[in-house]
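For the record, the sequence lines run as chains Y, E and R. For what it's worth, our numbering labels the leading residue of the first sequence as 338, then goes sequentially. For what it's worth, our numbering labels the leading residue of the second sequence as 2, then goes sequentially. For what it's worth, our numbering labels the leading residue of the third sequence as 939, then goes sequentially.
In case anyone wonders, no lab produced these hints; they're calculated from the structure. Since we're looking at a predicted model, the values are computed, not measured.
Pairwise CB distance ranges (calculated):
id	chain 1	residue 1	chain 2	residue 2	range
1	E	D882	Y	D435	37 to 45 angstroms
2	E	R490	Y	G480	30 to 38 angstroms
3	R	N986	E	P679	34 to 42 angstroms
4	R	F982	E	D916	37 to 45 angstroms
5	R	N986	E	V451	17 to 25 angstroms
6	R	R988	E	E225	47 to 55 angstroms
7	Y	V478	E	E225	30 to 38 angstroms
8	R	R1021	E	E213	54 to 62 angstroms
9	E	F598	Y	V478	28 to 36 angstroms
10	E	K781	R	R1021	53 to 61 angstroms
11	Y	V363	E	E211	50 to 58 angstroms
12	Y	R378	E	L437	52 to 60 angstroms
13	E	A898	R	N986	22 to 30 angstroms
14	E	R792	R	N986	54 to 62 angstroms
Chain E is nowhere near these chain R residues, computed Cβ spacing over 12 angstroms in every case:
id	residue
15	T985
16	G989
17	R990
18	H991
19	D1028
20	T1029
Quick reminder that beta carbons are idealized off the backbone N, C-alpha and C, glycines included.
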Amino acid sequence: MSEIELRTPLVAVPGLPYRGRDIEIVEVASQGHVNLRGAARNAVFKDAVQATAGVSLPLAANTASGTQPPCALWLGPDEWLLRLPGEAQAATCVDALDAALAGEFFAASDISSAQTVLRLSGAHARRVLSKGCTLDLHPGVFGAGRCAQTNMAQATVILLPLADAAGGIEVVVRRSFADYLARWLLDASR
Amino acid sequence: MQSRRLPNGGRIERDRPLRFTFNGRRCEGYAGDTLASALLANGVGVLARSFKYHRPRGIVGSGAEEPNALLQLGRDGYTLPNQRATQVDLYDGLVAASVNCWPGPQFDVGAVTSAFAKLLPAGFYYKTFMWPQRFWGTYERYIRRAAGLGHCPREPDPDIYEKINVHCDVLVIGAGPAGIAAALAAGKSGARVILVDEQSEFGGSLLYREAEIGARSGAEWLRESVAALAEMAEVTLLPRTTAFGYYSHNWLALVERVTDHLSGGAAGQPRQRLWRVRARQVVLATGAIERPLVFCNNDRPGVMLASAVSTYVKRYAVRPGTRAVVFTNNDTAYQTALDLQQAGVAVVAVVDPRDNPRSPLVSAVRRQQGIEVIDGAVVHDVFGRMHVSGVKVAGFDARAATLSGASRRIDCDLLAVSGGWNPTVHLHAQSGARALFDEQRGCFLPGQSVQAERSAGGCNGEFGLKSSLDAGAAAGADAARATGFKPGRKQTYKAPVAAQAEARLLWRVPAQTRVSRAPKQFVDLQNDTSAADLELAVREGFHSIEHVKRYTALGFGTDQGKLGNVNGMAIVAAARGDNPGRPGTTTFRPAYTPVTFGAIAGRELGEFFAPVRKTAMHPWHEARGARFEDVGQWKRPWFYPQAGEDMHQAVNRECLAARNGVAIMDASTLGKIDVRGPDAAAFLDRIYTNSWSALAVGRCRYGLMLGEDGMVMDDGVSARLAEDRFHMTTTTGGAAHVLGWMERWLQTEWPQLRLHLTSVTDQWATIGVVGPKSRDVLRKVCSDIDLDAARFPFMSFREGSVAGVRARVFRISFSGELGFEINVAANYGQGVWEAVMAAGVEFGITPYGTETMHVLRAEKGFIIVGQDTDGSVTPVDLGMDWIVSKRKDFLGRRSLARADCVREGRKQFVGLLTDPPDKVLPEGTQLVDDANAATPVPMIGHVTSSYYSACLQHSIALALVKGGAKRMGETVQAPLADGHVVSATIVDPVFYDREGARHNV
Amino acid sequence: MLHIECPWCGQRDQTEFSYGGEAHIVRPTDPDALSDAQWADYLFMRTNPRGRHREQWCHTSGCRRWFNVVRDTVSYEILAVYRVGETPPDTDAAAD
Ligand SMILES: [Zn+2]
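Kindly produce the complete structure, drawing on both the sequences and the hints.
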């Protein structure tokens, strides 16, 4: 897109990526993130998303259409997060949706720069997250296919359990909180 | 020299000796000891002085109930005050010291207070020191010095504490027989179970009482059961963990002492961990605490709870005395007599107020050689000052509640007492339920549950082993069933049931003389509250138990009256002529036992105290040596000092660069909201005071937002991106609130409006380029936007690219100068910032921070919401009537017509020019008309913003002054804290470029 | 610590929510038609019952939806949750 260097929110955090005993933390940077608003019952809207992003919007609360991009995460009764492999895809997707849905009541915002993803894996991942999160993270309750918006320490996050056997979880966090949260997670993993 | 250690037995590890010191004295104990058991093993009898009278005190109990053995542990930053020796696991190198006495517990200067004890009745401090009121501060200083239990560490705590949140199906509190049975029953069903116990070892009474469960000994059953629980994948076992608080909706707080019991802690491990548990069901198996008896001088070292004596003998293999008397009103302490005798302690008498009690246990004691069972009698006084040397025993006339016959002396150095058992109903009561007095059992029992909890075992008045086990199993199964699990067939345990003789309730042993003249009969040992104090309180009119508590300090100690409260309530009842249960309990409040601040703080301190939000350009600011300012949760560059510059010089330089050349600032922290939908403009019309429907696409407008009360809430510049789309900005600190505010109106009041609100604050990095040469700089990095003044006019925006990155560029100004705000995706924010800096080198581009931003806007009289406003300021007060539409309704409009909003004399926004011109008033300075007026001097306003303006070479200030708009040119006075008074002239708040010529170029 | 059921996301910890005060306060359609006293009544006056209280909460850290709760101000028991626009359920029957 330009000569300008892309800097992820966590580029300057010392200690990342972290590999400790039974816990690994890495930033999954530069993915595409699109915040999507619209009516779940609007077929035109849903079909356009399917056609553009290749995902079908999950309608059940706290569920995700998949664990890896492209996938859609339920955020609210009329709100989703589209995760796409790269930020260029996000920009393209938003432009395509704007074109395809002209005149429809919906909103698509490219927020690829607004948030980043921390992936925690290893046997201790959920225990580390439990130090800052009041959700029930038991794998039997919160497994792959689910997602949740909640608090982690003093930041608002989206949690996405992964399909791996060790029960890893991805944490989507706002850019400005990412540095704080990464340091917090590193501290909690010590 | 463990002179009191028994040669064998106990659960201590004799092959693991541990050294520790007490008041400097070297002592030795074993792994498995508590500090209390180790002190007793070393023959330490007196280890504290009482709070009020400085009477010598020794160990009374063996657990959470201990009122006396509060010690200072550790040194320096690691020190902890008020640790119950009975709950401190011994570790190698432990350093313990007495508190509340000087120079030591054996000889204590403060004990002179004892001589004046008669002069210190209940309420003494209230009566004596509250008058005259203004001397209270003086009194308080001396009283506090005389009181106090231990000292706080003066250094930061070097340890780490952490918190963890967990969910479970069944939380079982207490791992005695009932709790273990409950956990087994629930655990087997597959439910998620957490079993906690405050002690280092699970087992409760099994740790000191021999038992038979099924075909096994109690100890074997315990070992097997704990092993079985440890095998269950969904069961979590937490020893050394106190459930200290039961809050709403089955949310409980536990504190786990992770490394407290290890010498020097353990690397990487927290000292303590706070567990925040959301339990679907709770089983309380918290047992019971033995109740002491109230008689004269019952506080002497050597008077101990019978159960504690058994615990020290059986669990810790310590002999707390050499010649013992047992004083009990019930059967359980007879076992203590047997335990003592088995350990080689001479038990000379068991004194029992009951007449000829009959039960197998009593008979067993009667059969023992040398133990005289004196029934129908009481111990009514104690000999010995520093330690028990004997007791006075007399007959007891239960009907008259008096002593009868002659009193005899029995020599002893240990008096084990039992007044029955108080079920530990604390958590049940904390859950919102009410404990009820059971006349038959003579104790408070759990009442109706109000949360999902049930009690089993001793805490439910089920004192026998079999009844505890069965009740526990049933409670665990029921709890699991309630959470949807199938616990299977009901389980009952086989354990012998011994018949017991009925206890005789005895709240206070009669004294030989009137209570007020007799030696003190202590009810609350920690606070030195005596029976006479309680009776005095009732005589003086304090009838409610809550009032008596506050007047006499009954139950106010760190032990919360675990020993004394029930006796105290019954004594108050008797003084009122009521039944013992009638006054009820005082309120049970968390924490069950004291919790350190460290555990409550967890990791939320230092860099984790609050989130630190950073912009995309933060690393650049840091590298450039910026000093940062906290704005909300954000770190914003405050100013960028160059070598040798102080803040003042740096800000002056930055200001002049913006006014005369070009300067650049990071404005990314502004809140940004994407407002999108067919009704977006109509919605903004209701949110902002001015009109948005008529704003042309491509144009920007400044908007002011009011609360429904008419007071200024937030402001910002928003742009119309399309017919149905706005890029809205808010203040840095108000971003989250404004979004929430708008969502609330949209969702709850105007759901018919079709628009979506999306926060894009973090998406955009915002770079403000300011100054007469800003267009020249921008031109070098932006080729696809026509920057010509006429074709890109003030208050408009363009989309294009800056340094090759897609950008939204706004031509707006918060400085009064020509200015542009470049918004780019934050991932490229620093790159674009660097490109603009590079382009600006030839023009002397200067980065500036929030301080310069404040000065520049103050020179222009622009407000900062939250600095120049405080929630009590209307747009009219600010002189901003021009932005308040008369043609439409908007939030807060009706309030502007309220009588109070239109009255004369409201504080209005003005400028101030000081005399002398270089004197910068502190922000917040109060303004008066005449500093020499008689006090109280009428206040007429205050300074909201104040700076030195390098551009104007004058100190300028913004202020809110009563009726200020009509007082232009008048002089006000600003009295400063240092006594100086500065004069200032009221002027228009726009100090610079009133015509607005500079930004229009 | 309350455990609140968001009508969309289900049971969540109180820390995820923000409190919005009494529910069913309707903004007057024509504020100008009101006297100062009537406007003040809308603006400032709220019931403060001992017992059942209908109130607004927002799932701030979750789906960001506002909704209504019937809560007992003494026991803190939550008797019902319902979405904006829905009629308040009859909690008298449910609770007694
Ligand atoms: Zn929700």
